[in-house]
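**Q** Protein sequences, first through last, are from chains V and W.
Letter by letter, the first sequence follows residues 1 to 155 in my numbering.
Letter by letter, the second sequence follows residues 1 to 236 in my numbering.
There's no promise every hint is true.
[Stated by the list, open to error] Cβ-Cβ distance ranges computed for the label pairs, FRET-style:
#: 1; chain 1: V; residue 1: N53; chain 2: W; residue 2: W207; range: 23 to 29 Å
#: 2; chain 1: W; residue 1: T211; chain 2: V; residue 2: M2; range: 28 to 34 Å
#: 3; chain 1: V; residue 1: F54; chain 2: W; residue 2: I203; range: 39 to 45 Å
#: 4; chain 1: V; residue 1: L56; chain 2: W; residue 2: N144; range: 26 to 32 Å
#: 5; chain 1: W; residue 1: S204; chain 2: V; residue 2: V3; range: 43 to 49 Å
#: 6; chain 1: V; residue 1: A117; chain 2: W; residue 2: Q116; range: 18 to 24 Å
#: 7; chain 1: V; residue 1: T115; chain 2: W; residue 2: H142; range: 27 to 33 Å
#: 8; chain 1: W; residue 1: S204; chain 2: V; residue 2: R29; range: 21 to 27 Å
#: 9; chain 1: V; residue 1: V3; chain 2: W; residue 2: D119; range: 17 to 23 Å
Derived from the structure by calculation, the hints contain no laboratory data.
No residue lacks a Cβ here, since even glycine has one placed at the ideal position from N, Cα and C.
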Amino acid sequence: MMVWVTLLLDAMWAAIPAVGFGMIFNVPRSALPLCALGGALTYALRELLLHGNFSLVLSTFIAATTIGIIGVFWSRRYVMPRPVYTVPSIIPMIPGTYAYEMMISLVRMNTEGVTDALLSSFIENGLHAVSILFAIAFGLVLPSMYYTKRKQPII
Amino acid sequence: MLLEYGAESRLIEQISSRLGVALGCTSIQISLIPSAIVLTTLIGDASVTTTRRAQEQPINLSIVHQIVTMCIAAEQNPRNIMMVEQALCNIHANPYPSWVLIPIIGLSCAAFSHLQGADWIGFGITFLAASGGMLVRKELSHRNYSLLIVFAFTAFVCTLIASLAFYDNLSHSGHIVLSSSVLLLVPGLPYINSMLDAFKGYISMGWGRWTQATLLTLMSSLGIVLAMGLLGLKGW
């Protein structure tokens, strides 16, 4: 029972960045609540899958695919391009910390000389960042690949 | 047809050709490189080629949305070029006021820090740092500095404020505060767009955007490293 409450709370915290970054990208005002819902949904789904012992990349991929499919329905109903919904929703999953750590270890390798610890941190963080990014992008692309088969625009 | 406000390439291509057909052209061919659009219009037998240079603009999905709406309206009553031109004139940026934007960005970065397990003092410091960073970013991009410099300087300010957490051991989770207060600078949309473009067959656009996003990340980490070097902090 306690687990579900924390999950819900975390999802609500994840909805705030989705709205905030949606505002940076100037999402139309009517789409903001849906962005919040999407952000909360993807984060909660990923946490749930992580809880069920899936790997980080796989659960990110499944969550991104889900929001991609949902985005197709939403964009049909409200006549908007899909990125308006999907991109702010996946913002809470973007591997920003990994990317920064990779770059910082790169800079420090330049100033302090190459050591094993720095090199392994560079490679590890870089691999994490790229693979998570790849998972997100592939998840978002899957629905539109299905629809390009039909030679017909989505909206 | 300057559709470079952060839309993905496939959308740009589809929209232009649909708009062209709706306005009575026979066919439209388009070629994209990261900084320009080449567009050939075929009307009957005559063909017209135009090249437009795309300036670097802040990401604005609401403009993309308005263009898509206009395209659908043009498809519903074709050959009405007056209406399309009027709609193009009516597209406006419609930005959110900064007194809403700054606190909500602070709050979202603070939410990131909370999700990664910072304590409440760390939460407050992250809020302060991210809001300050957002203020700096808005002011600098208002004055038309290059995006790279804006990012580096914002990261510098963010890290300076966030390192308050180490002062007098104010918060027990200083490293989390430090890393999540610069998250407002992650170029998420360029990364995602580049991946999407590459997957859909626009390899050169994908690479161009990937390089741009990597440069932005590099510049902001330079800002972080500079601030950490000034304060003598070690590591994350």
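**Q** Which hint numbers doesn't this structure obey?
**A** 1, 2, 3, 4, 7, 8
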